[in-house]
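Visitor: As a plain string of letters, each chain reads:
Number of protein chains: 2
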Amino acid sequence: MAVNIIKIGGNVINDEVKLKAFLASFAALSGDKILVHGGGKVATKIAKDLGVETEMVEGRRITNAEMRDVVTMVYGGLINKKIVASLQSLNCNAIGLTGADAGVIRAHKRPVKTIDYGYVGDIDSVNAVFISSLLSQEITPVFAPLSFDKDFGILNTNADTQASAIATALSGVHEVNLIYCFEKKGVLLDAEDDDSVIPVLKPKLYEEYKASGVIYDGMIPKLDNAFDAVHKGVKKVIICEANELLSAVERGETGTQILM
Amino acid sequence: MAVNIIKIGGNVINDEVKLKAFLASFAALSGDKILVHGGGKVATKIAKDLGVETEMVEGRRITNAEMRDVVTMVYGGLINKKIVASLQSLNCNAIGLTGADAGVIRAHKRPVKTIDYGYVGDIDSVNAVFISSLLSQEITPVFAPLSFDKDFGILNTNADTQASAIATALSGVHEVNLIYCFEKKGVLLDAEDDDSVIPVLKPKLYEEYKASGVIYDGMIPKLDNAFDAVHKGVKKVIICEANELLSAVERGETGTQILM
Chain S
1 MAVNIIKIGG NVINDEVKLK AFLASFAALS GDKILVHGGG KVATKIAKDL
51 GVETEMVEGR RITNAEMRDV VTMVYGGLIN KKIVASLQSL NCNAIGLTGA
101 DAGVIRAHKR PVKTIDYGYV GDIDSVNAVF ISSLLSQEIT PVFAPLSFDK
151 DFGILNTNAD TQASAIATAL SGVHEVNLIY CFEKKGVLLD AEDDDSVIPV
201 LKPKLYEEYK ASGVIYDGMI PKLDNAFDAV HKGVKKVIIC EANELLSAVE
251 RGETGTQILM
Chain L
1 MAVNIIKIGG NVINDEVKLK AFLASFAALS GDKILVHGGG KVATKIAKDL
51 GVETEMVEGR RITNAEMRDV VTMVYGGLIN KKIVASLQSL NCNAIGLTGA
101 DAGVIRAHKR PVKTIDYGYV GDIDSVNAVF ISSLLSQEIT PVFAPLSFDK
151 DFGILNTNAD TQASAIATAL SGVHEVNLIY CFEKKGVLLD AEDDDSVIPV
201 LKPKLYEEYK ASGVIYDGMI PKLDNAFDAV HKGVKKVIIC EANELLSAVE
251 RGETGTQILM
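The listed protein sequences derive, respectively, from chains S and L. Counted from 1, the first sequence has number 109 at position 109 by our numbering; the numbering is strictly sequential. Counted from 1, the second sequence has number 116 at position 116 by our numbering; the numbering is strictly sequential.
Quick caveat, the hints were computed from the structure, so don't treat them as lab data. Where a beta carbon is used, it is the ideal one built from N, C-alpha and C, also for glycine. One should not assume that every hint holds.
To be verified - Computed from the model, here is a short list of chain L residues facing chain S with C-beta under 7 Å: (1) 25; (2) 49; (3) 98.
Take these sequences, add in the hints, and give me the full structure.
Guide: Pasting the structure below:
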């Protein structure tokens, strides 16, 4: 049976009601599953409360030493452990992980070119053997968006990219579905019309939509990640709304499916 | 070979030089090992920075919902993941855990009697099978002082007690040494004389020292924990200074040994 790797972002994490509904639905999913979460908005809020300034460049957080402490606390501690505890209460045997734990996600600090992102990681490898050993014990890994560099320690990492890297690594051993939960029901033909979900997106159509401007801005890196994953062996990527998770996974009737 | 379970507290965690030296010594220890850390002083500082007031009763932190968020972040995130990353950089394959992760430390919220401690846990059980499975994969568990209650979620837990509970649970399967790292070289006959370490402490002598006032105050709960552990099957408990760890463990020539 396929392993479902599900990524949730701020629109779910910051909304207690949505998060609760999502986690109940996630806990109820049968079979092997992995959760990857973001949490940038909570990090920004706590950084502000601690007097640490948030600086973003092209949607990416500049992570100096102080900000690294904040994201380590918030992603690896507050958000991750709250999710793990909620899942445990729902009888889902979750374990929280950062890339440093059991050295499971190795990365290197992004080299400084025009922009110094600070302690930000680009992933080199994912230990699929360790993750598989957890799955075989019916343990559900819950990943914070943090990777590990032997020379620099914990590195802040984009959660979409981390989910894609985990999915790709596991696809060597398992059949893998990668599901990005999103604020919309899928990739939209018309950004103003929530019901204009594109049901299936393949490389040729994606290129056409990019060329014609139907797909633009923040959707492009997200879809590039998605296509990268299917190119590297992930069976399919689904982009859907968090509360449509179950049907998306079980019937493939909702959201946008990204296929080769 | 014995499993060494080592507990470090604030005097090591708050001192970067001491912590670095300790972690190098810990990483170099051969055989199975487990680290349990505290971190109360860091939690108090970050709570203050976030405008959350710290209230202590008899050395225990009152943990309301806001304070629980702080200790979840600080113990489970900041301190735990920094230690894990440092150990990984030292080629020690560490994994950070709270009691919620894989449901490894189950507790119940302390009932309100005269004092309402809030989200504070008294440990019911430790999953020795899961911990053993990590050790058998040569993975070193690093525990934050947080336990888990299915009804209440993450609970703040005394690190000494947590170390003792883990040691006791594992003593059913392994030979276990429990080592409390401490600001002194051991239990002292004379609090003013750092070289007056009591080499061996057995129950009869302990009772005598308590009666005569040689052992008093904060040492009593610590030693009660220690004797409780040896009564329940832990081979020996050693109380020593963090930077004497290696010799304490390997030769038993330093610190105070608590024996039946």
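Visitor: So, against the hints stated earlier in the document, which numbers end up violated here?
Guide: 1
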